[in-house]
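K.L.:
Okay, here's what each chain looks like letter by letter:
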Amino acid sequence: MSRPELVAPPEIYYGDSEARKYTNNTRVQNIQADMTYRALELLNLPPDEPAFLLDIGCGSGLSGEILDEQGYTWVGCDIAPSMLEVALEREVEGDLFLQDIGQGFGFRPGSFDGAISISVLQWLLNAETSHPTSSPPHRLTRFFTTLHSALRNPSRAILQFYPTSDDQIQLITSIAQKAGFGGGIVVDYPNSKKARKVFLCLFVGSGGNNQQ
Amino acid sequence: MVRLITHNLLACHAKGCTTNNFPLRLQDAAVELRDAEFNAEFVRGFLPRLEWKALVGAARELGDKSLPEEMPEMVDEEFLQKLHHVLLEIHIDEGAMVCPNCGHVYPIANGIPNMLLAEHEIA
Ligand SMILES: [Zn+2]
Chain S
79 MSRPELVAPP EIYYGDSEAR KYTNNTRVQN IQADMTYRAL ELLNLPPDEP AFLLDIGCGS
139 GLSGEILDEQ GYTWVGCDIA PSMLEVALER EVEGDLFLQD IGQGFGFRPG SFDGAISISV
199 LQWLLNAETS HPTSSPPHRL TRFFTTLHSA LRNPSRAILQ FYPTSDDQIQ LITSIAQKAG
259 FGGGIVVDYP NSKKARKVFL CLFVGSGGNN QQ
Chain G
104 MVRLITHNLL ACHAKGCTTN NFPLRLQDAA VELRDAEFNA EFVRGFLPRL EWKALVGAAR
164 ELGDKSLPEE MPEMVDEEFL QKLHHVLLEI HIDEGAMVCP NCGHVYPIAN GIPNMLLAEH
224 EIA
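Line order of the protein sequences matches chains S and G.
For what it's worth, my numbering labels the leading residue of the first sequence as 79, then goes sequentially.
For what it's worth, my numbering labels the leading residue of the second sequence as 104, then goes sequentially.
There may be inaccurate statements among the hints.
[As the list claims (entries may be wrong)] Here are some, though not all, of the chain G residues that point toward chain S, as calculated from beta-carbon distances under 7 Å:
no.	residue
1	Met104
2	Thr109
3	Leu112
4	Leu113
5	Cys115
6	Val134
7	Leu136
8	Asp138
9	Phe141
10	Asn142
11	Ile215
12	Pro216
13	Met218
Just so you know, these hints were derived from the structure itself, not from any lab.
No residue lacks a Cβ here, since even glycine has one placed at the ideal position from N, Cα and C.
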């Protein structure tokens, strides 16, 4: 089976039927939930304090439901209208935006206490988008620069994604660094082809890291 | 489901639009009130992040006049309750947000603002 990001842009790939199929698939649900919990762990927010979070590529709200359950207030954005409609039907609590993250965000500086993103960044690595003239490096730069500005200092963004090569990891981390982020890559289950998960852990300032 | 907490953080992100691009003007807004759980600590912690004048303006545009013109010096429970309502319980379901600088219209349909830019507006 081809990787979805190689088949079509996300707003096309996740049409009405794919959006529902994806959301109702128990295996997908479980993997998404695991990765969301792991992302929250890596986010390392101060315990028992309320926080305002950004869910980048929130899709149908699978991760958002976990943010709700954990008591966080959040904003989600996604480029696929069908996914957002499913999120509305599922009555998640967060504010939802139809947005192409490769075009950048307009949030004021220091808006969020942290950001998570589950299985989204790989979509930015493919040139075939609704804006074919924009190259992946240009879109990644716009994304990371405006994300860095939207986050408080100190804070973190944890972005799980599926790279197809080390070159892709290299490209993404170098652009994130140029945008001002510190941090790096965390790989869970590095030796398992199936379970391997890559998390890009980005720090604004110190990353609020006082516990490790 | 755009609430004023999010509207208060949102500036226009069109190419070259970097001054006078906040707050986005609310147009033809259809509003629905939905209860949200009150968390005094969250609302209090959010105060420094707010652009007060923009918040009061937006709330008044939506017919809510409960907030004072100036941020009060004494932040008590009653004030936090009012602020909670304005920030988290007023949902804009339909309408548009319009940039005061470049005039870009971000339509809101079914509670979801469309933030997509045309090719020539991408920075
Ligand atoms: Zn503008």
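K.L.:
Each hint needs a verdict: does it hold in this structure or not?
P.N.:
Quick rundown of the hints versus the structure:
Proximity of Met104 of chain G to chain S holds as hinted, the smallest CB-CB distance being about 5 Å (cut-off 7 Å). Checking Thr109 of chain G against chain S: minimum C-beta separation of about 4 Å stays under 7 Å; hint holds. Interface hint status for Leu112 of chain G: upheld, as the beta-carbon distance to the closest one in chain S is roughly 4 Å, under 7 Å. Because the smallest distance between the Cβ of Leu113 of chain G and any Cβ of chain S comes to about 6 Å, under 7 Å, the interface hint for this residue holds.
Checking Cys115 of chain G against chain S by beta carbon gives a least distance of about 6 Å; that is within 7 Å, so the hint holds. Restraint check, Val134 of chain G versus chain S: the minimum CB separation of about 14 Å is more than 7 Å; hint violated. Interface hint status for Leu136 of chain G: violated, as the beta-carbon distance to the closest one in chain S is roughly 15 Å, over 7 Å. The beta carbon of Asp138 of chain G comes no nearer than 11 Å to any beta carbon in chain S, farther than 7 Å, and the hint placing it at the interface is violated.
For Phe141 of chain G, the interface hint is violated, since its Cβ never comes within 7 Å of a Cβ in chain S; the closest pair sits about 11 Å apart. Hint status for Asn142 of chain G: holds, given a least beta-carbon distance of 6 Å to chain S, under 7 Å. Taking 7 Å as the C-beta contact cut-off toward chain S, the hint placing Ile215 of chain G at the interface holds, the least distance being around 5 Å. Because the closest C-beta pair between Pro216 of chain G and chain S is about 6 Å apart, less than 7 Å, the hint holds.
Evaluation of the Met218 of chain G hint against chain S yields a held restraint, the C-beta minimum of about 4 Å falling below 7 Å.
Checked against the numbered hints above, the structure violates hints 6, 7, 8, 9; every other hint is satisfied.
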